[in-house]
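There are 4 protein chains.
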Amino acid sequence: MISFASDYIAGAHPEVLKRLCETNLEALPGYGTDRYCESAKEKIRLACSMPEAQVEFIAGGTQTNAVVISSVLKDHEGVIAARTGHISVHEAGAVEYTGHKVLELDPADGKLNADRVRSFVADFYSDANRDHMVFPGMVYISHPTEYGTLYTKKELEELSAVCREYGMTLFLDGARLGYALMSRGTDVTLHDIAELTDVFYIGGTKVGALCGEAVVFTKNNMPPHFITSIKRRGAMLAKGRLLGIQFDALFTDGLYYEIGSHGIEMAEKLKTVFRDLGYTFFIDSPTNQQFLIMENGLMEKLSRSVIFEVWEKVDTGNTAVRFVTSWSTTDEDIEGLKNILKKI
Amino acid sequence: MISFASDYIAGAHPEVLKRLCETNLEALPGYGTDRYCESAKEKIRLACSMPEAQVEFIAGGTQTNAVVISSVLKDHEGVIAARTGHISVHEAGAVEYTGHKVLELDPADGKLNADRVRSFVADFYSDANRDHMVFPGMVYISHPTEYGTLYTKKELEELSAVCREYGMTLFLDGARLGYALMSRGTDVTLHDIAELTDVFYIGGTKVGALCGEAVVFTKNNMPPHFITSIKRRGAMLAKGRLLGIQFDALFTDGLYYEIGSHGIEMAEKLKTVFRDLGYTFFIDSPTNQQFLIMENGLMEKLSRSVIFEVWEKVDTGNTAVRFVTSWSTTDEDIEGLKNILKKI
Amino acid sequence: MISFASDYIAGAHPEVLKRLCETNLEALPGYGTDRYCESAKEKIRLACSMPEAQVEFIAGGTQTNAVVISSVLKDHEGVIAARTGHISVHEAGAVEYTGHKVLELDPADGKLNADRVRSFVADFYSDANRDHMVFPGMVYISHPTEYGTLYTKKELEELSAVCREYGMTLFLDGARLGYALMSRGTDVTLHDIAELTDVFYIGGTKVGALCGEAVVFTKNNMPPHFITSIKRRGAMLAKGRLLGIQFDALFTDGLYYEIGSHGIEMAEKLKTVFRDLGYTFFIDSPTNQQFLIMENGLMEKLSRSVIFEVWEKVDTGNTAVRFVTSWSTTDEDIEGLKNILKKI
Amino acid sequence: MISFASDYIAGAHPEVLKRLCETNLEALPGYGTDRYCESAKEKIRLACSMPEAQVEFIAGGTQTNAVVISSVLKDHEGVIAARTGHISVHEAGAVEYTGHKVLELDPADGKLNADRVRSFVADFYSDANRDHMVFPGMVYISHPTEYGTLYTKKELEELSAVCREYGMTLFLDGARLGYALMSRGTDVTLHDIAELTDVFYIGGTKVGALCGEAVVFTKNNMPPHFITSIKRRGAMLAKGRLLGIQFDALFTDGLYYEIGSHGIEMAEKLKTVFRDLGYTFFIDSPTNQQFLIMENGLMEKLSRSVIFEVWEKVDTGNTAVRFVTSWSTTDEDIEGLKNILKKI
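Protein chains in written order, with our numbering: chain E, 1 to 344; chain R, 1 to 344; chain D, 1 to 344; chain F, 1 to 344.
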């Protein structure tokens with residue numbers, strides 16, 4: 001069966017795997033202190049054009065969100081997020097597990113709006129009972145969002161401004177960052193993100209790695225003893241090399257961008273297929289997640305030969321479904337899907 | 001430099017890596033629901049001769065300890081461990097981070113003694129103030145221990161008995177289990193462990209995998225919704241295949257035992273080298289961690305050409321050091337060490 | 001100044017204080033094991049007509065909510081509450097501090113609707129990704145709500161039904177329960193609440209006590225070792241008598257109801273004053289919290305001679321304000337307010 | 001029966017209760033913002049001769065310990081305490097519940113020794129693996145200790161010095177502080193404690209109040225938003241007056257010292273009784289807790305007419321028992337005990 005289930009259906013990008021194989025027998029120190037971790041960190045700093053940035057690697061996305069958020073928030077603070085944000089819905093309460101509240105705001109197209117944030121925070125600070133409430137200490141956004149949408153540079157600047165205005169940390173979840181950066185028409189660069197956020201992560205798992213996310217504290221602002229905070233949350237791998245080598249490969253010769261670019265190219269082809277066949281899009285996504293509205297009978301039929309994800313009910317007869325491309329999607333996958341769709 | 005720093009200095013055992021490469025492009029579902037995870041679980045059940053056992057994979061050891069302990073303990077309970085146990089000392093308080101106390105008892109040779117445990121628990125239950133104290137709900141042991149020592153079958157039976165007597169869970173940390181099982185002279189089999197404990201884990205990271213530990217609930221006693229508990233603690237990999245494929249390889253054609261066996265063989269050779277040269281052992285370890293007492297000047301000199309770990313101060317002039325072998329240790333490493341030691 | 005700031009502006013009801021004085025020199029055992037605690041528990045069981053109910057006393061409301069919710073919820077569960085619920089907004093994230101998410105639903109007049117809850121829970125259980133989400137394990141309601149409104153018996157029955165249907169605990173926060181029970185027109189008795197909920201608490205602090213809430217597990221369903229769970233959260237007073245004696249007094253000769261009744265009588269008089277003067281009510285509340293819409297200039301003027309609480313902005317020119325009555329409100333307070341209002 | 005069970009067997013000191021009665025009907029704002037709280041804080045600052053000190057009131061001792069420790073510790077830190085310390089043994093793991101480890105050291109006579117602390121901390125900082133360990137961030141002592149013993153000024157100075165040397169907070173649990181301050185022969189004043197510690201608390205519950213402890217941050221070093229941290233842990237009373245009025249009374253006209261003094265006088269008489277009758281003391285305590293070794297048969301007999309606490313088994317035939325005096329102990333109690341002892 002052709003699978004558009006997610007961007008983590010395959011193993012690692014061949015180039016990444018090759019590096020793991022080549023270095024496999026080298027004796028290296030553990031816990032992220034090896035030279036590949038160092039090299040990868042340096043390459044990421046360069047890619048961000050942020051010489052002062054501090055980088056650490058963590059195995060998975062939910063873990064990264066929980067570690068960063070709980071290490072950065074102060075005791076009395078919570079994190080603002082879109083009600084549809086990954087930390088709000090699909091991490092089984094991992095942020096709350098660390099003791100902090102997710103302050104959920106209504107998004108537009110999966111995105112948080114700076115004015116909405118400002119109004120919420122201004123209301124908070126004008127509330128006489130605020131000492132009995134959770135202080136907004138951080139804003140969490142994902143880019144691309146859970147709906148594949150992207151912030152514009154202007155939108156990020158506005159969010160950055162409201163964060164600075166109220167002393168909040170701006171944290172960007174880049175689980176699919178490669179696809180955001182290479183999306184056609186985006187005006188947001190990796191450097192912009194590093195400039196405008198306080199901390200973000202560069203997703204590896206969904207962009208060609210077996211596992212791993214690179215957390216970037218952009219302005220020499222990593223919490224003291226962050227390594228111990230990682231360890232304490234069980235988020236440190238003994239063989240830190242596994243993450244270092246992969247990110248070193250991803251940031252060598254532009255591989256990370258190449259992967260993003262391929263995923264976007266495949267997504268554009270996918271969009272064309274659906275558009276040409278007259279399908280309605282659930283949301284207009286410029287990245288590697290595409291959302292379509294499908295008539296339930298058709299969806300059922302299609303699911304016998306293509307793997308995709310049921311997203312949410314639209315109405316009694318129709319459902320929103322998700323198709324995801326990645327570095328591993330091939331032209332044959334797209335052609336195959338097209339042929340199946342034509343016959344249904 | 002020759003390295004005996006740890007059993008996680010190299011990547012994966014070549015056979016494990018080969019399987020990762022062979023399966024790399026297969027499209028698989030995420031989060032541990034793929035066929036390799038299923039296959040690996042079945043092989044582990046067979047290896048344990050426990051058809052009812054339930055298996056889940058988690059990326060690292062500290063995380064596994066924290067997830068298992070905090071998921072199994074009830075609200076009012078803590079976990080008994082040796083004062084030298086990994087959870088007591090070297091996990092940066094990961095168990096306490098989940099809200100539970102580690103009740104530390106004095107060990108003998110790194111091991112918890114059943115009588116010592118019984119006496120502690122009996123004292124607890126005879127204390128009129130026990131409702132104001134942490135209830136002992138679990139006993140945590142490591143096998144091999146942090147000092148390389150092993151429990152005998154009789155010792156495990158006794159610990160198992162005291163746990164059953166007082167309704168405590170017996171949890172065995174098998175981060176280095178492969179080396180325990182293949183240690184010369186041990187009378188403890190994998191089946192014994194599965195029989196005598198309630199939950200244990202089979203270490204992958206230190207026994208040939210890039211990462212990963214296999215948690216085994218031995219008697220159909222996995223906490224309900226354990227998957228969500230894993231997710232909530234950030235301990236679930238999107239590409240669960242990474243763990244499933246590796247454990248599937250480790251439990252195919254006896255690879256896990258072969259790896260353990262090789263590590264033990266190398267450790268025995270290492271012991272002979274040191275013994276022949278008149279060194280004193282800090283502790284008598286039958287597994288892949290060897291502890292020696294070294295005169296400080298000598299230690300300093302040796303550290304210029306061999307990597308090993310400084311363990312603890314013995315007295316003003318001497319230090320306990322640790323040498324670790326693994327599947328990746330070669331005869332050349334041992335010979336090289338021998339030659340260097342002779343010249344010092 | 002006349003104060004309608006809250007129902008905790010005065011000390012204890014004189015009858016309660018009298019009992020504290022009378023018993024002051026008696027030597028009693030600590031930590032809630034004294035005879036007054038026993039007597040109070042028995043009286044509460046009788047008042048509820050629930051011979052199997054289990055009662056414990058805790059000093060304050062936020063603490064009670066956090067202790068009960070975190071002791072009852074399972075690891076993978078969160079608690080459903082109205083977005084305006086006390087635990088959602090005004091407890092500084094105390095529930096999240098215990099590691100659990102508050103799943104916020106939109107209320108109507110401060111109340112959770114059973115259909116809304118059912119639809120949320122049904123959606124959850126039909127979601128293919130539910131294992132990555134917080135399970136709804138409990139429904140939290142307050143009665144009266146934060147807006148002074150009350151559930152009808154039918155509404156409670158419906159909530160109880162949906163909870164039973166999905167195996168959720170129904171928890172009722174009765175911080176102001178006395179005023180609910182004596183509200184004119186309510187059809188909900190204390191026995192109904194005990195019948196329909198799994199656990200609830202009878203508020204003392206806001207109904208005549210210096211401090212203290214009585215948690216009632218209605219059906220012999222107190223979590224094992226709940227005492228230790230209380231202690232572990234720092235919520236146990238050494239002089240448990242302080243709570244036992246007060247609740248014993250409150251449940252002697254109908255004092256609790258008398259207090260509620262007086263608060264309601266005063267609230268009705270207050271309503272008449274405002275109604276007669278043509279004020280608009282922000283919400284129609286049948287209990288001791290009354291919400292009015294006030295023109296900002298008027299509000300400012302009034303606040304010079306009367307204490308009340310600013311609730312929320314209604315529009316640019318108007319604000320919702322809260323007036324609260326209690327056992328300590330006097331006819332003179334009402335008359336005084338009336339005279340001031342007339343002159344403004 | 002005569003009771004020496006504890007110093008919390010009676011209600012409040014009559015003078016304290018009188019003030020509660022006198023102020024009972026005053027309308028006061030909630031949550032510790034009333035004038036009695038302010039007045040009590042000011043009086044405590046004066047009593048400490050620390051004009052910059054910041055004071056907050058919390059209802060109970062375990063809660064105070066948990067709130068202070070968890071608010072002050074940084075993410076990667078734990079708290080050093082005597083293995084016999086209240087937080088180590090008798091708070092049901094309340095500190096661990098907040099996510100932090102108690103690093104237990106062996107005490108001498110219930111006390112932590114500065115050299116022992118220094119050696120532990122020095123070892124920690126010289127350990128190459130310290131990033132994988134819990135950092136010592138605070139030293140917790142109780143004064144009097146759980147065994148009634150007292151630190152000398154010199155001992156406190158030494159502990160203070162080691163804390164300053166290693167950047168650790170020194171926190172003193174003064175649950176029974178009144179008895180320490182008035183102990184015959186102590187050279188430690190309230191001002192000394194305020195000078196030498198970073199934060200401490202003045203116990204109310206065991207020194208004449210119904211409940212309540214006064215936390216003193218001695219050097220303008222209260223964590224920002226401490227009020228919200230208190231609220232978030234459920235440790236804030238709505239009727240904060242209950243604590244403010246009591247501490248205001250305790251620190252008016254030297255009542256707190258008078259209470260301590262009376263408890264000490266009674267303890268000295270108790271000691272004389274036992275000494276004269278040839279009893280052996282389990283430990284030499286200069287405060288209101290007295291520990292005696294009693295032959296088991298005798299203990300059993302005595303327990304029929306006197307209430308005291310069984311402390312711990314000494315050997316097969318003997319048990320250590322605890323007798324506690326307080327402000328409420330009378331000469332008749334002592335005489336009564338003496339007569340009973342003589343007849344046994």
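Simulated from the structure, these hints should not be mistaken for laboratory data. Be aware that one or more of the hints could be misleading.
Far from chain D, some chain R residues (derived; all Cβ distances over 12 Å) [what the hints assert, rightly or not]:
hint: 1; residue: Glu-22
hint: 2; residue: Tyr-31
hint: 3; residue: Asp-75
hint: 4; residue: Ile-227
hint: 5; residue: Arg-233
hint: 6; residue: Gly-317
Label-pair restraints from in silico Cβ distances [claimed, not checked]:
hint: 7; chain 1: E; residue 1: Lys-18; chain 2: R; residue 2: Arg-184; range: 35 to 41 Å
hint: 8; chain 1: E; residue 1: Ser-126; chain 2: D; residue 2: Glu-38; range: 45 to 51 Å
hint: 9; chain 1: D; residue 1: Gly-336; chain 2: F; residue 2: Lys-153; range: 37 to 43 Å
hint: 10; chain 1: R; residue 1: Asp-127; chain 2: F; residue 2: Lys-153; range: 41 to 47 Å
Some chain E residues well away from chain R (every beta-carbon gap over 12 Å; in silico) [what the hints assert, rightly or not]:
hint: 11; residue: Glu-91
hint: 12; residue: Leu-210
hint: 13; residue: Glu-268
hint: 14; residue: Gly-278
hint: 15; residue: Lys-313
All residues carry an ideal CB built from backbone N, CA and C; glycine is no exception.
Check your understanding: Holds or violated: is the Cβ of Ile-227(R) farther than 12 Å from all Cβ atoms of chain D?
Key -> 5 Å, violated
Exercise for review: Quick one: work out the minimum CB distance from Glu-268(E) to chain R and report holds if it exceeds 12 Å, violated otherwise.
Suggested key: 21 Å, holds
Check your understanding: Going by Cβ atoms, does Gly-278(E) stay more than 12 Å from chain R at every point?
Key -> At about 27 Å from chain R, Gly-278(E) clears the 12 Å cut-off, so the statement holds.
Practice item. Determine whether the Cβ-Cβ distance between Ser-126(E) and Glu-38(D) falls within the hinted range of 45 to 51 Å. Key: 48 Å, holds
Point to revise | Leu-210(E) remote from chain R - nearest C-beta pair above 12 Å | key: For Leu-210(E), whose nearest Cβ neighbour in chain R is about 5 Å away, the distance does not exceed 12 Å, so it is violated.
**Study point:** Verdict on Arg-233(R) as a residue remote from chain D, using beta-carbon distances over 12 Å
**Key:** 9 Å, violated
Review point. Is it correct that the beta-carbon of Asp-75(R) has no partner in chain D closer than or equal to 12 Å?
Key: 5 Å, violated
Practice item. Return holds or violated for the Cβ distance of Lys-18(E) and Arg-184(R) against the range 35 to 41 Å. Key: Hint holds: Cβ distance 39 Å, inside 35 to 41 Å.
Practice item. Decide, holds or violated, for the assertion that all CB atoms of chain R are farther than 12 Å from the CB of Glu-91(E). Key: The claim breaks: Glu-91(E) does not keep its Cβ more than 12 Å from every Cβ of chain R (closest is about 7 Å).
Exercise for review: Over 12 Å to the closest beta carbon of chain D is the bar; see if Tyr-31(R) clears it.
Suggested key: 8 Å, violated
Practice item. Confirm or reject the statement that Gly-317(R) sits farther than 12 Å, beta carbon to beta carbon, from all of chain D. Key: Fine: 47 Å to the nearest Cβ keeps Gly-317(R) off the interface.
**Study point:** 12 Å cut-off, C-beta based - Glu-22(R) kept clear of every residue in chain D
**Key:** Consistent with the label, Glu-22(R) stays out of reach of chain D, its closest Cβ about 29 Å off (over 12 Å).
Violated hints for the displayed structure, listed by number in ascending order: 2, 3, 4, 5, 9, 10, 11, 12.
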